[in-house]
Every structure is written in C-alpha cells, then in structure tokens.
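Below are the chains, spelled out letter by letter.
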Amino acid sequence: MKRKLSVVLALIFVTAIFMNGCKPPQKAVAVKYDYEVTSGGAQGVEGTTLIKITGKGKTAEAAVFDAKVNSVHALLFRGIPGTNMAKAIIPGANAENDHYFDTFFAQGGKFLQYLSVSGDGVQDKVKTSDGYKVTLLVSVKHAELRKFMEAEGKARKLTEGF
Amino acid sequence: MKKLFFVLLIVAGFISAFGQAKKPTLMIVPADIFCTRAGYTLEFDNQGTKKVLPDYKKTMQNDENMRLVITKIQGMFADRGFPLKNLEQELKKLEQESAEMSMMTSKTSGSAMAESPIDLLKRTAKADIILDIDFSKKVNGPQKYINFNLQGLDAYTSKAVANASGSGAPSSASQIEVLLEEAVLKHLDNFQAQLMTHFEDLFANGREVVVKIKVWDSSPSNLETEFNGEQLDKHIDDWFAKNTVKGRYSQADASENFMSMDQVRIPLYDDKGKALDTKNWLNGLKKELKGAPYSIETKLYLRGLGEAWLIIGEK
Numbered sequence: 001m002k003r004k005l006s007v008v009l010a011l012i013f014v015t016a017i018f019m020n021g022c023k024p025p026q027k028a029v030a031v032k033y034d035y036e037v038t039s040g041g042a043q044g045v046e047g048t049t050l051i052k053i054t055g056k057g058k059t060a061e062a063a064v065f066d067a068k069v070n071s072v073h074a075l076l077f078r079g080i081p082g083t084n085m086a087k088a089i090i091p092g093a094n095a096e097n098d099h100y101f102d103t104f105f106a107q108g109g110k111f112l113q114y115l116s117v118s119g120d121g122v123q124d125k126v127k128t129s130d131g132y133k134v135t136l137l138v139s140v141k142h143a144e145l146r147k148f149m150e151a152e153g154k155a156r157k158l159t160e161g162f
Numbered sequence: 001m002k003k004l005f006f007v008l009l010i011v012a013g014f015i016s017a018f019g020q021a022k023k024p025t026l027m028i029v030p031a032d033i034f035c036t037r038a039g040y041t042l043e044f045d046n047q048g049t050k051k052v053l054p055d056y057k058k059t060m061q062n063d064e065n066m067r068l069v070i071t072k073i074q075g076m077f078a079d080r081g082f083p084l085k086n087l088e089q090e091l092k093k094l095e096q097e098s099a100e101m102s103m104m105t106s107k108t109s110g111s112a113m114a115e116s117p118i119d120l121l122k123r124t125a126k127a128d129i130i131l132d133i134d135f136s137k138k139v140n141g142p143q144k145y146i147n148f149n150l151q152g153l154d155a156y157t158s159k160a161v162a163n164a165s166g167s168g169a170p171s172s173a174s175q176i177e178v179l180l181e182e183a184v185l186k187h188l189d190n191f192q193a194q195l196m197t198h199f200e201d202l203f204a205n206g207r208e209v210v211v212k213i214k215v216w217d218s219s220p221s222n223l224e225t226e227f228n229g230e231q232l233d234k235h236i237d238d239w240f241a242k243n244t245v246k247g248r249y250s251q252a253d254a255s256e257n258f259m260s261m262d263q264v265r266i267p268l269y270d271d272k273g274k275a276l277d278t279k280n281w282l283n284g285l286k287k288e289l290k291g292a293p294y295s296i297e298t299k300l301y302l303r304g305l306g307e308a309w310l311i312i313g314e315k
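Protein chains in written order, with the numbering used here: chain A, 1 to 162; chain B, 1 to 315.
Hints are supplied without guarantee of correctness; some may be wrong.
Unchecked claim - As a list, the in silico DSS-like pairs of lysine-lysine whose alpha-carbon atoms are at most 25 angstroms apart:
hint : chain 1 : residue 1 : chain 2 : residue 2
1    : A       : 147       : B       : 186
2    : A       : 157       : B       : 85
3    : A       : 125       : A       : 32
4    : A       : 157       : B       : 22
5    : A       : 87        : B       : 23
6    : B       : 23        : A       : 157
7    : A       : 147       : B       : 72
8    : B       : 212       : A       : 141
9    : A       : 147       : B       : 159
10   : A       : 87        : B       : 212
11   : A       : 154       : B       : 212
12   : B       : 212       : A       : 157
13   : A       : 147       : B       : 23
14   : B       : 186       : A       : 157
15   : A       : 157       : B       : 159
16   : A       : 154       : B       : 22
17   : B       : 159       : B       : 186
18   : A       : 147       : B       : 85
19   : B       : 186       : A       : 141
20   : A       : 133       : A       : 56
21   : B       : 274       : A       : 87
22   : B       : 92        : B       : 159
Hints are computed from structural coordinates only; laboratory data are not their basis.
Pulled out of the complex, with its shape left as it was, chain B reads as follows:
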C-alpha cells in the first residue's frame, strides 16, 4: 500500500512538472533611439554602406540612469515572481563563453570545439519578449519632466504585446533620478496588466509562433510535388489546419520552394499533458513527412521559442 502511495506521488510530481507551459523569457533592452541619441553606437562598413548599430555594452557601462531604470523594472518584475534576464550579465556571459570556447581542446586529439557559422550567429543575447525602453529628459522653462516609453515586443511575431508611455509631471525641484523612478512606478503596473492579458490570450488560444517551410537546393521534391493526387503544400496546409488551436494560422506567402505561416497558434500542451514548444510541435509534421507516401527527409531548425523552419530534402 505504501509502495503504491509513493508511486502515485512520483507520477503526480511528473505530471505537475510536465504540466507547466514553457515560460517565456523577458529582457530589458535599451531602445535604438536611446543609444543613438546618447551616442552609444557601433559603426561598421557593410560592403560600402555605413551601418550604425546600438552598442548595448557601452550603454550599460556609461549610462547610470538607464541602469537605474532597468534595476527598478527588474525589481518590480521579480516582486511579481517573474525575474527578468539581465542584458549586462548576458553580454558578459557570452564574452566569457567565447573566450572559454576558443581555449578549449579535447584531451586525446587536441580538437577544438565544433561551431558552425550558424552556431556563432545564434550565440547572442536573446529573449522571447523584449522590453524595449526609451526615456529622455525634457525641459520646459525652469521645470523638467521625463518622457517615458516602454514597449513589450514579442521577439518572434514582432508584435507589441504591451506598452506604456507618457510624460511625467513637470517639476523644478526633483532630481532626474526621482523623476525616472516616478515614471517607472506610474507605468509599470499597467504594463504588467497588459502583459497578463497577453499571457491569458496565450493560454486561451495557444502560443503564437511563426513557421517557415523551405526546400534545400539539392532536394528531389519541392512543395509542388504531388502525392496521392495533391500537391505537397496542400498536404502541409491540411496538417496545419488539423494541428493548430481552433485551426488558427495564416499562410502569409508561398511558392514552390517556401511556405511562410504566421499567426500559427500552437497548443501549450500535447495529448499527454507535456509542455510543447515550436520544435516539439513541428516534429509532428517532420514525422508525417518521413512516413508514407512522402518519405521526405527534413531538417528542423529552431529559432528560439517562437519560430521554427522545416527544410525539405535532407537533414
């Protein structure tokens, strides 16, 4: 009897662990306009064209007001049980990782660690929801006030899921730090409420992701190849209609070599109650294409929590 009780307890533990949907990561990032205005930028020559990019490291090392605002927002999110990723620490971690990877060799052959150009590209600071922040001090006669702008951007669908903006009350006595704190306090609760609405929508209608179907150049079949009298793109379309929440997705664009699906609503859990991400979900299509009558090998390429590519033809 005791044994049975323990087994049930362990099973219950597993179910509750798997029953949690994958939590999106949030990170505050200074807005491009903030970095450009303050001169925290990087310039590089892209085949003759001068490109200006925000330099986050320089921003974090030089702008104490930005640090103050980020710390305040992080504190308020941590208080709601939702700790944020810290951009400064992520950048340091990446630098450290790069240094360690370049030094590391295997004991037996002295081989260096394998890293494709794609792996290198993927090693950047990222989050599922970017909190894009900008603020500026404005002066009106003897008084000063803060213009505050915070946007919550879904990194994969590029949709603004929450935002808070406005000007603070003008003051002639308060320090800029006090005005900034006031601005955060004024806007953050409403911002979190909007974020909550986004999460509620996610639970009701599924996670919104982007899926792209592509074809390798070497592939013998493309999306117009026919199986059982119908083109492959029609079979894929049917699979999406069957496997999305309430059949919600939209085909943004398509040709014989690619299909772009956006606003794809995938369920948060599979049939067994296990949390699903885009990769696990799209694995269903990968398996289906591998089976009869298609027998197509595919490569599943994941771009974070919310975007995946399925490349037809080979692995």
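Just chain A, same shape as in the assembly:
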C-alpha cells in the first residue's frame, strides 16, 4: 500500500515538472510609456508648456525619440502638476489605449508637429543596462494640440453640448 502511494506521488511530481517545463517562458509586461516629467520652468509663449521629460532607448537617438513621444503623451493623458497643464487634455483611464494613437505616436507621426526641443538638445544622458536614458527640455504647443484633438473628436470641447 505504502509502495503504491509513493509511486502515485512520484508520478504527480514528475507530471508537474513536465507541465511546468512546457509553459512558454514568462515575460515581464512591457511598460509602453515609462517616463518622469516635471515642469521645465516659467513658460514664455502663449499656448505652450515647457516640460522636462525623460526617454529610454537602445541607442541615444531612440531615447530622444521616446522622450519626444512621452512629452506629448504626458500632456494628452497625464497632465503635469506645477504647470499650466496640470490636468490632461484627454482624461480617462483607458483613453490612451485607443488605436488611433498608435499612428499618431508612430515614427514621423503627427505628434511631432506639436513640440520643439528647447535649450541645447539633450540635457542629460545616462548609460543604463538596457541602453540609454535621456532628459530633454521640451516646449509642447498644448493649445494647438488640444484644438487638433478636439477636431479629431478625441478631446471634449469646452462648449460641447451647449
């Protein structure tokens, strides 16, 4: 009886090891927009917001591009406390999952029309285990960006419903 039980237990043990081995390797869920953002100081021009934003990439160029994407993303979906855009242009937890933004934020996408890198380009560049992390000072044309999003039906107009 004891022998039978040990055989069954051994079988269960072997099966468990076998099943676990068949599982595809577990991957960490990639975070699409992972950045730090703060106010870049007093804004100079009406309709713009100056922010300091980080970006990550395998190369320094990819990290700069990521920072540019992040700057527009931050204004659209997060809002930046301490600036004139403390509230997001498009609030709502799932707003950023709209497939429309895959094209908008693509390489050469329309988001590039709404920002300009201020100062002397990259403010800070750090080599990390995954590549590079850069910090940019970016001026985002939030008024034009909001108007565009309103026209596209993605952001609510102040007068909507009236």
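Knowing the structure of chain A, use the given hints to seat chain B on it.
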C-alpha cells in the same frame, strides 16, 4: 421624394437647434477687495449705515492693468469657443438703455414705458458664472511678483466651480504687465479645465438650481393646506422627487409660508429633447398646482438661468 427629403432636413435642423442645452454666460468682474484696495468704491448712506460698494465703472475707466488682464482672459476664452460677456460694455449698454427708456413714449397716447421697481432692479449686469478676479503687485527686496486669484462663482448656487490662485515667479527686470500676462498664462488653462469638469458634471447630473416656493399674503391656501389627506408641501416635495435628475434636491428650510430647495438638479432637456431652463421646468409644477385637486393660481418669477420662485395664491 424630394419633398420628403426637405421635410426631414428641416425636422433634423429643428431637433439639433432644440437639442442644445442653454449655454451659461460668463463675465469677468473685479473682486470687491481689488476695488476697495485701489479706492474704486461708491459710498452711500443706507438708513444711517454707511455702505461701501465696488465701483466697476470707475475701475474699468482707471485701471489699465485690470483691463489688460480682462482682455487677456477674454481672448483665451474666445479661443476655446466661449466668448465672455464684457462688463464694461454691459454697463454702457445699461446706461444707454436707461436713457432710451426714459425718453421713449408711445405715438398715440404719449404713454411712457411700463417698468416696475422689480424690472428696474433686474436691469443690472449679470451672468450665470462670475469670474471674480483679484491681483496685486508684491515687492520682495529688489524683486517684484504678482499674487493672482481667480474664482469662478456660480451666480445662483453661490458655489465656487473653478479657481486658480498663486504667486508668480519673482523678477527684478520684468514690467508689471509682463508679470500679469505670465500669471494669466500660468493659471487659465487649469481654470478652464476645472470649468470643463463643472460642465461635465452638469451634463451627467443635471443643472443645479435653486427653487423657492413662497405664499402671497392674500392667498387662501398655504403650504400646510391639506389636499387628499396630505399637506401641500408634501405634494410639492413628491413632485420634486419625481422630476429632478436621480431625485436629487435638498429642502434647505421650510415653514407654512415658504419652502427653500437648493441643490435641485434639473434635466437639461425635456421629454421632447427641447432645452430646459428653470422656468420651463418649474412650469410643470405650476400646471400641476393649477389642476385638480389643488386649483391654485401661482406666479412664476425667474431670477436668471438658475433660480426661480413659485409664489402661491395669485399671479
């Protein structure tokens, strides 16, 4: 077929025209503290008590910084498709209207235009949301900075629906005009975002208004008069529970002669999709009270977009 198409087009036009909720009016008004600090005030003797009131006309005629700030804010609102009422122009318009009314007579009998004391009182510059603004220049050693305070006040519920305040970055070189512009640019986008949240709440939960039920002295019935075994105030209370959005209202105070309802959430549209205001909405209660078993005549008195009184007894 063509005819049918045109009829449908006209119907669609009507529906879209009626389907728009009534847009609240916004006006920037200098804060009392600003006028008092700068000495732009009016003084009058109210039965022995000296009253000091802000003189808006004097403010607009003398304070160029206030004009600059108002112009800047108006521009930013116009850019968002929400033009504001201009206080200076409203005051001029009222003066002009008063002058014209006093001169106007009818051709046949020479009669002057009818105007009750209430009509006279109502002819003031008003808006549904008042943007109450105050700013002051502060000095810290060689540097100066601006203290800025903007409040969006719902004129009827007296609630602050948006606000923006803070001190600007100190500067020793910039002119006061530049610092003021910076302050407006720094705060106005966030202020508009808060206003948008207020509008979203309005669309989700209805317009918040104040309703007061009063009784004429000559009225044969009051709010404690019984109909079908229940007091009139209970019938009115039931009507409010049935006709407000999600039954939201609160009875702030009541007696046999008055009922004060605040935080009354009225729908933006009626059953036919037509835009509703407080008067149209309260007309429902007026009609109900006129019918059986009440047969009560009432007067509906409107105080702007957000407050109405229903006075029981007669018109």
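Here is how each hint holds up against the structure:
Pair hint residue 147 of chain A plus residue 186 of chain B holds up; C-alpha atoms about 19 angstroms apart against a cutoff of 25 angstroms. Taken as a hint, the residue 157 of chain A and residue 85 of chain B pair is honoured in the structure, with Cα atoms around 19 angstroms apart against an allowance of 25 angstroms. Restraint check for residue 125 of chain A and residue 32 of chain A: satisfied, since their Cα atoms lie roughly 20 angstroms apart, inside the 25 angstroms limit. Pair hint residue 157 of chain A plus residue 22 of chain B holds up; C-alpha atoms about 16 angstroms apart against a cutoff of 25 angstroms.
Distance hint between residue 87 of chain A and residue 23 of chain B is fulfilled; the C-alpha atoms sit about 23 angstroms from each other, no more than 25 angstroms. Restraint check for residue 23 of chain B and residue 157 of chain A: the C-alpha separation of about 13 angstroms stays at or below 25 angstroms, so the hint holds. At most 25 angstroms may separate the alpha-carbon atoms for a hinted pair to count; residue 147 of chain A and residue 72 of chain B meet this at roughly 19 angstroms. A distance of roughly 48 angstroms separates the Cα atoms of residue 212 of chain B and residue 141 of chain A; the hinted pair therefore is violated under the 25 angstroms criterion.
Restraint check for residue 147 of chain A and residue 159 of chain B: the C-alpha separation of about 29 angstroms exceeds 25 angstroms, so the hint is violated. A C-alpha spacing of about 37 angstroms is found between residue 87 of chain A and residue 212 of chain B, which places the hinted pair above 25 angstroms, so the restraint is violated. As the CA atoms of residue 154 of chain A and residue 212 of chain B are separated by approximately 41 angstroms, the hinted pair breaks the 25 angstroms bound. A threshold of 25 angstroms between alpha carbons decides the hint, and for residue 212 of chain B with residue 157 of chain A the separation of about 34 angstroms lies outside it, so the pair is violated.
Distance restraint check for residue 147 of chain A and residue 23 of chain B: the Cα-Cα separation of roughly 20 angstroms lies within the 25 angstroms cut-off, and the hinted pair is therefore satisfied. With a C-alpha separation of about 20 angstroms, the suggested pair residue 186 of chain B and residue 157 of chain A falls inside the 25 angstroms cut-off, and the hint holds. Proposed proximity of residue 157 of chain A and residue 159 of chain B is supported: the alpha carbons are some 23 angstroms apart, at most 25 angstroms. For the hint linking residue 154 of chain A to residue 22 of chain B, the alpha-carbon distance of about 24 angstroms falls within 25 angstroms, and the restraint holds.
Only pairs whose Cα atoms come within 25 angstroms are accepted, and residue 159 of chain B paired with residue 186 of chain B is accepted, the gap being roughly 23 angstroms. A distance of roughly 23 angstroms separates the Cα atoms of residue 147 of chain A and residue 85 of chain B; the hinted pair therefore holds under the 25 angstroms criterion. Straight-line distance between C-alpha atoms of residue 186 of chain B and residue 141 of chain A comes to about 14 angstroms, which keeps the hinted pair within the 25 angstroms bound. With a C-alpha separation of about 4 angstroms, the suggested pairing of residue 133 of chain A with residue 56 of chain A holds against the 25 angstroms cut-off.
Distance check on the hinted pair: residue 274 of chain B and residue 87 of chain A sit about 33 angstroms apart at the alpha-carbon level, beyond 25 angstroms; violated. The suggested pairing of residue 92 of chain B with residue 159 of chain B is violated, with an alpha-carbon distance near 28 angstroms, which exceeds 25 angstroms.
Violation of the numbered hints given earlier is confined to hints 8, 9, 10, 11, 12, 21 and 22; the remaining hints are satisfied by the structure.
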